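*Asks:* One letter stands for each residue in the lines below.
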Amino acid sequence: MNEPSLEPKPRRIWLRLLPLAVAMIIGVFLFVGLSLRPKEIPSVLIGKAVPEFDLPALPDRPKGLKTADLKGQVSLVNVFASWCVSCRAEHPLFMKLKAQGDVPVHGLNYKDEGPAAMAWLTRYGDPYDRVGHDLKGRVGIDWGVYGVPETFLINAEGRIVCKHIGPIMERDLEEKLLPAIKTLRQGGVAQC
Amino acid sequence: MLMVVLRRLVLAICLMGLAAPAWSIAVDTPLDDPVLEARAHAIHKQLRCLVCQNQSIEDSNATLARDLRMLVRERITAGDSDDAAIRFIVVRYGDWVLLRPPVKSGTVLLWFGPALLLILAIIWLVISYRRRRPPLVASTAPLSADEQARLKALLGDGGPT
Amino acid sequence: MTAELGHYALVLALSVALVQATLPLLGAWRGDPGWIGLARPAALVQCLLIVAAFAALMYAYVTSDFSVLNVATNSHSAKPMLYKIAGVWGNHEGSLLLWLLILALFGAAVAVFGGNLPAPFRARVLAVQAMIGVGFLAFVLFTSNPFVRLLPAPLDGRGLNPLLQDPGLAFHPPFLYLGYVGFSMAFSFAVAALIEGRVDAAWARWVRPWTLAAWCFLTLGIAMGAWWAYYELGWGGWWFWDPVENASFMPWLAGTALLHSTIVVEKRDSLKNWTVLLAIVTFSLSLLGTFLVRSGVLTSVHAFATDPTRGVFILAFLIAVIGGSLTLYAVRAPAMKGGGLFAPVSREGGLVLNNLLLSTACATVLLGTLYPLFLDALTGEKITVGPPYFNATFGPLMVPALIAMAVGPMLRWKRGDLLGAVQRLKFAVIATVLALLATLVAAHDGPWLAIPGIALGVWMIAASVEEAAYRLRLFRVPVGESARRLMRSPRSAWGTTFAHAGAGMVIIGIVASSAWQVEKLQVMRQGESLAMGPYEIKFQGAEPIDGPNYSAVRGVFRVSRNGAEIAVLEPESRNYQDPPMETTEAAIRTGWGGDLYAVIGDPTGDGSWSTRFYNKPMIHWIWIGCLMMVFGGLVSLSDRRHRVGAPARRDVPVKAAKTAASMAGK
Numbered sequence: 001m002n003e004p005s006l007e008p009k010p011r012r013i014w015l016r017l018l019p020l021a022v023a024m025i026i027g028v029f030l031f032v033g034l035s036l037r038p039k040e041i042p043s044v045l046i047g048k049a050v051p052e053f054d055l056p057a058l059p060d061r062p063k064g065l066k067t068a069d070l071k072g073q074v075s076l077v078n079v080f081a082s083w084c085v086s087c088r089a090e091h092p093l094f095m096k097l098k099a100q101g102d103v104p105v106h107g108l109n110y111k112d113e114g115p116a117a118m119a120w121l122t123r124y125g126d127p128y129d130r131v132g133h134d135l136k137g138r139v140g141i142d143w144g145v146y147g148v149p150e151t152f153l154i155n156a157e158g159r160i161v162c163k164h165i166g167p168i169m170e171r172d173l174e175e176k177l178l179p180a181i182k183t184l185r186q187g188g189v190a191q192c
Numbered sequence: 001m002l003m004v005v006l007r008r009l010v011l012a013i014c015l016m017g018l019a020a021p022a023w024s025i026a027v028d029t030p031l032d033d034p035v036l037e038a039r040a041h042a043i044h045k046q047l048r049c050l051v052c053q054n055q056s057i058e059d060s061n062a063t064l065a066r067d068l069r070m071l072v073r074e075r076i077t078a079g080d081s082d083d084a085a086i087r088f089i090v091v092r093y094g095d096w097v098l099l100r101p102p103v104k105s106g107t108v109l110l111w112f113g114p115a116l117l118l119i120l121a122i123i124w125l126v127i128s129y130r131r132r133r134p135p136l137v138a139s140t141a142p143l144s145a146d147e148q149a150r151l152k153a154l155l156g157d158g159g160p161t
Numbered sequence: 001m002t003a004e005l006g007h008y009a010l011v012l013a014l015s016v017a018l019v020q021a022t023l024p025l026l027g028a029w030r031g032d033p034g035w036i037g038l039a040r041p042a043a044l045v046q047c048l049l050i051v052a053a054f055a056a057l058m059y060a061y062v063t064s065d066f067s068v069l070n071v072a073t074n075s076h077s078a079k080p081m082l083y084k085i086a087g088v089w090g091n092h093e094g095s096l097l098l099w100l101l102i103l104a105l106f107g108a109a110v111a112v113f114g115g116n117l118p119a120p121f122r123a124r125v126l127a128v129q130a131m132i133g134v135g136f137l138a139f140v141l142f143t144s145n146p147f148v149r150l151l152p153a154p155l156d157g158r159g160l161n162p163l164l165q166d167p168g169l170a171f172h173p174p175f176l177y178l179g180y181v182g183f184s185m186a187f188s189f190a191v192a193a194l195i196e197g198r199v200d201a202a203w204a205r206w207v208r209p210w211t212l213a214a215w216c217f218l219t220l221g222i223a224m225g226a227w228w229a230y231y232e233l234g235w236g237g238w239w240f241w242d243p244v245e246n247a248s249f250m251p252w253l254a255g256t257a258l259l260h261s262t263i264v265v266e267k268r269d270s271l272k273n274w275t276v277l278l279a280i281v282t283f284s285l286s287l288l289g290t291f292l293v294r295s296g297v298l299t300s301v302h303a304f305a306t307d308p309t310r311g312v313f314i315l316a317f318l319i320a321v322i323g324g325s326l327t328l329y330a331v332r333a334p335a336m337k338g339g340g341l342f343a344p345v346s347r348e349g350g351l352v353l354n355n356l357l358l359s360t361a362c363a364t365v366l367l368g369t370l371y372p373l374f375l376d377a378l379t380g381e382k383i384t385v386g387p388p389y390f391n392a393t394f395g396p397l398m399v400p401a402l403i404a405m406a407v408g409p410m411l412r413w414k415r416g417d418l419l420g421a422v423q424r425l426k427f428a429v430i431a432t433v434l435a436l437l438a439t440l441v442a443a444h445d446g447p448w449l450a451i452p453g454i455a456l457g458v459w460m461i462a463a464s465v466e467e468a469a470y471r472l473r474l475f476r477v478p479v480g481e482s483a484r485r486l487m488r489s490p491r492s493a494w495g496t497t498f499a500h501a502g503a504g505m506v507i508i509g510i511v512a513s514s515a516w517q518v519e520k521l522q523v524m525r526q527g528e529s530l531a532m533g534p535y536e537i538k539f540q541g542a543e544p545i546d547g548p549n550y551s552a553v554r555g556v557f558r559v560s561r562n563g564a565e566i567a568v569l570e571p572e573s574r575n576y577q578d579p580p581m582e583t584t585e586a587a588i589r590t591g592w593g594g595d596l597y598a599v600i601g602d603p604t605g606d607g608s609w610s611t612r613f614y615n616k617p618m619i620h621w622i623w624i625g626c627l628m629m630v631f632g633g634l635v636s637l638s639d640r641r642h643r644v645g646a647p648a649r650r651d652v653p654v655k656a657a658k659t660a661a662s663m664a665g666k
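Protein chains in written order, with this note's numbering: chain A, 1 to 192; chain B, 1 to 161; chain C, 1 to 666.
Among the hints, erroneous ones may be present.
Said to hold, decoys possible - Derived DSS-like pairs: lysine-lysine, alpha-carbon spacing no greater than 30 Å straight-line:
(1) K176/A / K382/C
(2) K63/A / K136/A
(3) K45/B / K520/C
(4) K382/C / K104/B
(5) K48/A / K520/C
(6) K45/B / K63/A
(7) K176/A / K39/A
(8) K48/A / K63/A
(9) K39/A / K45/B
(10) K520/C / K136/A
(11) K104/B / K136/A
(12) K104/B / K39/A
(13) K45/B / K48/A
(14) K45/B / K538/C
(15) K136/A / K382/C
(16) K39/A / K382/C
(17) K176/A / K98/A
(18) K382/C / K45/B
Hints in this document: simulated from the structure, not taken from any laboratory.
None of the values given here were measured: they were computed from a predicted structure.
From just these sequences and the hints, can you work out the full model?
*Replies:* What follows is the structure in structure tokens.
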């Protein structure tokens, strides 16, 4: 028997290139992955009606928040708490929105003690129209809240249009939320 | 360090509570019925904690994980089946919370990939073995009894006889 | 001043590494002994410089020099000395420096101990090693310099994460890194062999000890990490299949496969092509792990790599290293075909099966780890791939490998006799059947999968023991003869015995501790008792205590069995100030049967506390099994042929003639 017959033919070049190809494909995905944000879990409630809930008001503050309050006009619902540090960062923006009086901002006070929340609102300003006090965080779970702050955009039919996770920055407001609100007002279908 | 580095961050968030109240409301209160409690644990192990990465709510100190644990207990006490209790969470947080990803169009490759890989590897192995085999077959075919006898005779080895 | 010296040493190391990466390679190509001879001194100088840089950083930590930004962000003057030292690698920059240090140490080891390597080959190995060094040095210097000053210096540092302030974890990273970086040796040897276009038995004999050493370190590193998670996280879990763990497990799986395939190359001159590929893949997976952890692509907890250029840098480096080596492989692989033939049922066949299953298992872990990323990138859909997935896919792949693992060492080279091998394992078969029946009787109401699981572990241990007894011809020849065989049988065979039996112990530990775990969650008042299995646990109360840099609450639980007190468990719930964080310190009582694990949680506010208890039967078998695997690796490493080795490279004609002869001989 002669040795050369044992040598596979060089025709199978694709097989030798296979490891390289696999590695490069993974490399491309990793590169794309660098710009993805795996920590942000998209809400499954987008396009759905807001959950059924009825929350009491904060102590010494009128107007609690319930499902029916979110029907009839475009609004924002901001999930906040006095123990949440990054809520302070976005707070001035909501104060500005309130001053403009363009869109009502409702608050969902998440797992917070009433007096602490009230002290916080007194200190940093109260931009909210209605505030629901979700002491046990159960309504938060119904809304799919997992990190505070979170902000929901609700259309006039009371459906959730979009959800912003984390503090809202000036840019998010200008480029995402305000244009979407405008479109919704004009009866269009908005996404963000 | 690999393990450490991420753990460190993950835990920093879970334990410090990047977004958790400074005071806790619900302490984990087990159910009185051990059967229900065991079911609750089994469900907890299937749900991913949202605040920390890659831990089940069973294994997390995060407040939200604790709330969800209590919620699961409530649901099954109220008579929900295991599936219904899981559905209850999935409706609110999406498939993302399922530690076992459901089999659907997007996960076909995930679930059947390993088997496919194994089959391809076996096929490749068989082909490359076959390619090398012919000369081996010729040279290592078992000897017939007659041949063996002659071989023994030639080697002068009487064998066990 | 020391920080500047450290920085300067790194810059010098980079220039030395650049020389080491190029000139010896050119020298080997042109046959210039002068340039070839550069490799050794360059490797030693590079190593010295990096040792100096590392020492400079360590000095800054030990003396709490908070004018160094890295020290200020990761250390604190009130920290115990051990954790000041461990703090050096407790952060991104410092851990990269540790990575570099180990890389340079391995390079220097080849320069010092590589006397048996042909000079041109050694020059090539060291050049490839230096190329990796150049990449990492550039990474440290340009994106992650640990010597950056912070002026004015703060009065005190921000402190090390309390979870890392633990003896188990202080030494976990160095071992893990010794493992990862150790595989760079296999990589460098593989690439050097590809450049030369020659892989033979001598090559395998040179690569094997380095791979074996790396494997031992990695096994130990992973085991320490798992053990730490077990006692520190407070939930009794030790493996979560999270991407970070998978990142260390994938190189382990590939490295284990590599360890076995080099045997075939060494003994039978076969599987060469595949072994070289495996060597490249193993180190590539180590690099991938580094990328996954530091870039945040999988668990985007950005705190560790806030600088996106870091991710891009490692990825570019990754693609250069992996792409380059695999291209070289595609070009050169055909030159390394051939070798000894073997029947499917043979020692080689068994090792091929091992490689087939381990690589598929490794690919499965890779698929599961990266799949969320794939799906997110393609469709934007976000899913989780958690433990249930890995248990459902990885498990079934490993079971045949574990069953076969017991039989493999009983098979002969070239052509084995499966039935004969199993017959020679008759006592192991009997032991397995007995274990099966015993578990069936003792745990008929338990999870049914646990029964074959325990039997599998018993099978692995019993077969390893019986294989050793067979090797010694125990009870079949006079005791003196067996003793003589004991002295003479190769240590690598003993390594196999220990490592395989250790794996069996790990399996039993995993199965028993998960199948028959008992857990109790209870809100307890002072003086209250609860019963768990045979134990009665009484809560004596909780007391505040003060540690060096934390304050804590310690619960006191008296554990008794049949009325007699057997242990006092004192779990703590600690509050660290710098940085502020709560940690749980579980109290664990290890007995012969397993661990009793106690955790004290939060107070309810009305005088009671939430508590958790676990009874984890046989969990210590996991740790002992891991240690036994490492011990097996070390025994194998001390094998005569690695020590006396110096295998002269056989000439090609001789090899060809021998191969032909071995085939004609059939």
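*Asks:* The structure should be examined with respect to each hint, and the outcome stated for every one.
*Replies:* Hint by hint, here is what the structure shows:
1. K176/A / K382/C: Given that 30 Å is the threshold and the Cα spacing comes to 22 Å, the pair holds.
2. K63/A / K136/A: holds (19 Å)
3. K45/B / K520/C: With Cα atoms ~15 Å apart, K45/B and K520/C stay inside 30 Å; holds.
4. K382/C / K104/B: holds (13 Å)
5. K48/A / K520/C: Violated, at roughly 40 Å.
6. K45/B / K63/A: Measuring from Cα to Cα gives roughly 40 Å; hence the hint is violated.
7. K176/A / K39/A: holds (20 Å)
8. K48/A / K63/A: holds (24 Å)
9. K39/A / K45/B: Distance of about 20 Å is within 30 Å: holds.
10. K520/C / K136/A: holds (25 Å)
11. K104/B / K136/A: Violated, because 35 Å separates the two Cα atoms, which is more than 30 Å.
12. K104/B / K39/A: holds (22 Å)
13. K45/B / K48/A: Since the Cα atoms of K45/B and K48/A sit roughly 28 Å apart, the hinted pair holds (cutoff 30 Å).
14. K45/B / K538/C: Status holds; Cα separation ~28 Å.
15. K136/A / K382/C: holds (28 Å)
16. K39/A / K382/C: holds (10 Å)
17. K176/A / K98/A: It holds: about 18 Å lies between the C-alpha atoms, which stays within 30 Å.
18. K382/C / K45/B: Since the Cα atoms of K382/C and K45/B sit roughly 19 Å apart, the hinted pair holds (cutoff 30 Å).
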